[in-house]
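Chains as they are written, first to last, in the working numbering: chain G, 17 to 621; chain Y, 470 to 698.
All the given hints hold, so there is nothing to weed out.
Taking beta-carbon pairs under 10 Å as the criterion, some of the chain G residues facing chain Y (in silico):
(1) Ala72
(2) Gly149
(3) Val157
(4) Leu166
(5) Ser167
(6) Val170
(7) Ala174
(8) Arg179
(9) Glu191
(10) Ala280
(11) Glu282
(12) Gln283
It is worth saying that the hints were derived from the structure and are not from the lab. Please read these numbers as outputs of a predicted model, since none were measured by experiment. Idealized CB from N, CA, C, for every residue including glycine.
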Amino acid sequence: MFLSKIWFILVALLAGVAVTAAFVAPRPADRRIEQLEGQRLDRAQYAAEQMLKNDARRWIDYVAKLGRDSHLTEALDSSSRGAGEPKALHETVRSRLKALVPDRAGIGVESLIAVDKQGRVVARVGDDEGEYGESLAGAEVVGDALRGYLSDDVWGAAGRLRRVGAAPVTSKSRERIVGAVVVAVETGKRLAEMWKQNLGVDVAIVLGRNVVSSTLPEALLGQLPELIEQHATEIANHKRTRPLILYMGAERMLLIAAPFVGEASEQRAYYVLLNKQPPGSDPWVLLSNASSDDLRWGHFPWLPLAFGILAMIGIGLLLQRTEVEGPIRRLRTEVHSLARNEIQKIDDTKYGGKLGGVARDINATVERFTHAVPPKSETAKKDIGAILDRGGSADGQSFDVSRAKATPSTPVSNPASVAASLFGAPKLPPSMGVTPTPISVPSIPAPSPPAKAAPVASVNRTLMLPNLRSPAEVTSSNSGEFAAVSPSSLIEAPSPPPLRRDVTPPPVPTSAAFATPPPSVRLSPVAANQPKDEDSVHFQQVFEEYIALRIKCGESASSVAADKFFAKLRSNREQLIAKYNCRSARFSVYVKDGKAAIKATPVRS
Amino acid sequence: MMRYRLLSPLLLGGLVALAPTLAAAVGVVRGTVVLPEELKAGRRFLGHWRVENTTVPVQAAPARGDTVVVLLGPKPQVLAPKNTPVEIVGMQANPSTVVVGEGAVVEFRNSDKVAHDLSVPGHPEIMPPERLSPGTVRKQRFGISGEYLVRCAEYPHVVISVIVTSSPFFAAVDEKGGFKLPDVPEGPATLKVWSNGRWVHEQSVEVTPKGADLTIKVSGAANKEPTEQ
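Using the sequences and the hints, build the whole thing.
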């Protein structure tokens with residue numbers, strides 16, 4: 017079993033390593049994927065920034081080209097000089113702007129504004145077309161244009177974000193600046209969709225605490241402004257965030273936020289690039305994402321896997337066969353041999369571990385059922401018939417003999433059948449099987465003529481003494497026959513003597529008085545032909561007590577014949593001796609169910 | 470005539486006796502502030518591009534009165550609170566920097582055609598956000614010394630610097646960078662320059678009876694972080 021256990025431990029460790037690898041191995045891959053996704057978003061943000069920059073330059077050039085229109089130049093020059101009717105100039109410029117930019121909405125222009133040298137609006141196309149005359153000189157991009165700069169800006173007003181480009185308009189003579197043209201470009205859904213197409217990521221545009229527009233459902237991005245706000249310092253320092261995680265419903269998004277330039281940066285305007293994170297790579301998700309292509313012969317190591325599994329199973333089975341099934345089979349064969357009386361005992365040295373223990377237990381059980389006396393507690397004060405019967409259990413201490421049938425003496429069970437029936441029985445401590453507990457009968461006096469007990473002692477010496485007698489008992493029983501046996505040889509016996517299955521207990525020697533039953537007497541004291549030894553005295557005493565108790569219980573005493581009574585007691589005593597291998601038996605009377613009864617107690621020493 | 474003859478020496482003696490005292494009490498501090506290019510750019514919020522046209526020369530940014538010199542230290546330091554108007558017109562504040570005494574009231578008038586949401590960001594207890602419709606005036610009292618930036622939420626370039634101080638010695642810098650502080654008491658003082666919404670320079674000066682003529686060169690690297698209280 018040792019190798020089997022080792023093998024099971026190895027298999028369990030291997031399984032543990034496999035499970036650990038299955039759960040842990042995807043983590044670095046997840047981190048790597050997240051890192052790659054972050055790098056991808058980094059590149060996308062860089063590309064978006066470049067696109068913004070290119071767009072800004074494109075719109076600046078666009079309005080610079082508009083500013084070179086002669087009609088516009090002339091009208092703005094007139095307005096700057098205060099010449100001409102403002103309304104007429106307004107209409108002229110507005111018409112001209114519309115003519116120059118016919119598809120304003122198609123190219124994403126929200127409004128075009130023409131201002132004169134003082135920064136006053138001469139005309140505008142798009143938002144608030146009818147209004148003119150107010151000054152925009154304070155707007156930095158407009159002021160820059162009026163000083164000669166071509167520049168851009170981003171405005172966030174009225175909940176909208178607009179990219180702005182402005183260019184100066186010079187006089188026809190190219191000597192002075194007579195005004196400027198400003199273009200405001202949509203910066204919302206259109207831009208987000210365009211970026212999504214070009215960059216392959218989702219886009220959201222945030223102004224303050226609002227998501228202005230997004231390619232994703234804006235209702236799911238409620239946490240986005242707050243998340244960006246938490247990284248405002250990082251954005252201020254690095255002009256963008258590192259990749260951040262945003263949970264959008266059940267989905268996990270990776271995002272990078274970067275600020276818009278210009279005035280909008282002061283208004284916390286950001287563009288956010290988002291990418292859906294792949295689902296977590298735990299083994300279940302990985303398995304659910306596996307395709308049939310992943311299990312193709314060329315892609316999956318079917319052969320090594322099958323070989324490995326078969327090898328593991330084969331090794332396990334081999335070890336099981338070698339260490340478990342084989343020994344069990346051999347043990348079973350030996351038990352069968354034991355049952356067929358082909359062997360005396362199982363060679364337990366051939367079996368290791370628990371099987372060895374089982375073999376030893378079988379040996380001990382066979383030994384116990386060959387020699388042992390049942391424990392006292394199980395059959396105390398039971399009817400002697402039940403005790404002497406094979407089905408009963410007895411401890412050999414005290415038995416009711418008054419109503420017992422005189423059953424023939426039952427020989428000791430065949431050890432082999434005992435072993436066969438007990439194979440697999442609960443394990444007994446070796447001491448129980450080998451050395452049954454001796455029966456303590458302190459009240460029994462030692463036989464007065466030592467010579468009469470000699471045959472019993474001889475039986476004990478042959479069958480019981482090495483197993484049943486304790487050193488103290490050996491020391492205390494100082495009869496002649498016992499004295500002939502060396503105490504040390506009994507106490508220091510290293511192992512139980514071999515089971516003597518072929519030896520049947522010799523007939524219990526009886527005295528001459530017992531050999532011939534006493535004549536029948538009627539309530540007479542000890543008859544002349546009654547035995548003179550201790551047993552005879554004991555039988556007579558029991559008889560008298562029994563008669564007295566019957567009378568006391570209201571039973572008839574005349575029906576009890578002394579000779580039959582003594583014969584019954586002798587018969588029972590012999591049966592007890594034969595069954596429990598005891599030296600003698602003592603009887604006592606008692607009341608059972610209102611009637612007189614007799615019980616027997618085996619005497620071991 | 471006899472009476473005048475008798476009084477003249479006494480008057481003359483008294484004037485002579487007071488002359489040193491009067492001379493030591495006041496002086497004129499004048500000078501020129503040389504700002505670095507980034508502070509003279511005229512733009513606070515830059516976009517991606519700012520290129521000069523190739524046709525006509527680019528003009529310098531007009532001075533909007535947002536550079537102020539304040540002299541701290543000389544006694545007496547009492548600036549009486551008074552109402553100070555600031556007009557927002559053409560999408561810009563004029564003046565964009567005001568120096569007032571503690572408890573003074575600044576009147577913000579919106580002469581634009583659009584509304585302005587004015588507040589001191591981050592300090593609603595000083596000046597909470599409030600929409601200033603076109604043509605209306607908002608009066609805001611500043612009771613605690615310090616520097617405050619009043620901003621418009623819709624148009625961030627509209628910034629008004631409100632410097633609340635007890636020093637009466639301050640002056641706006643003209644387009645050439647010149648300033649003049651008359652009647653400055655003699656003695657040590659600290660001169661600070663405020664520009665583009667922050668203190669950009671600070672130096673110690675010794676005001677003598679003859680006054681002081683200073684050339685203050687503001688270093689770009691020495692620009693301090695924006696001050697907000």
